[in-house]
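Quick note on numbering: the sequence shown equals residues 1 to 81 in our numbering.
Where hints are given, some of them may not hold.
As the list claims (entries may be wrong) - Per label pair, the in silico range of CB-to-CB distance:
1) A7 / R35: 23 to 31 Å
2) T49 / Q29: 12 to 20 Å
3) E11 / S67: 15 to 23 Å
4) G68 / E11: 24 to 32 Å
5) F75 / E42: 12 to 20 Å
Because the hints were derived from the structure by calculation, they are not lab data. No residue lacks a Cβ here, since even glycine has one placed at the ideal position from N, Cα and C.
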Amino acid sequence: MDVLYFAWVRERIGVPRERVETGAQTVAQLVEELRAREPRYEAAFADLTALRVALDQDLADFDASLSGVREVAFFPPMTGG
Numbered sequence: 001m002d003v004l005y006f007a008w009v010r011e012r013i014g015v016p017r018e019r020v021e022t023g024a025q026t027v028a029q030l031v032e033e034l035r036a037r038e039p040r041y042e043a044a045f046a047d048l049t050a051l052r053v054a055l056d057q058d059l060a061d062f063d064a065s066l067s068g069v070r071e072v073a074f075f076p077p078m079t080g081g
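Can you build the whole structure from these sequences, using the hints too?
In structure tokens form, the structure reads like this:
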């Protein structure tokens, strides 16, 4: 699946997107796999309360299933203005 990173998440990880092969069943499990990769991922995912996730461009929770998902995007909460 494609994993996209936006704003400071992208800055900490160092890439805007990557293709990931995963056995994760949920977003939370995917995050744990990513955290285990390298310190830069651990830093990006250190505080999940500061992150939002979208699955195939629909907002989701971290306990959401990844079954059939093609794209996961991580980004900070947006504010209106």
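Hint by hint, here is what the structure shows:
1. Distance hint check for A7 and R35: the Cβ-Cβ separation is about 19 Å, which falls outside the suggested range of 23 to 31 Å.
2. Range check, T49 to Q29: Cβ separation about 18 Å, and the 12 to 20 Å hint holds.
3. The hint said 15 to 23 Å for the Cβ distance between E11 and S67, and at roughly 30 Å that hint is violated.
4. The given range of 24 to 32 Å is respected by G68 and E11, whose C-beta atoms sit roughly 30 Å from each other.
5. A beta carbon spacing of about 18 Å between F75 and E42 agrees with the range 12 to 20 Å that was offered as a hint.
In this structure, the earlier hints numbered 1 and 3 are contradicted, and the remaining ones agree with it.
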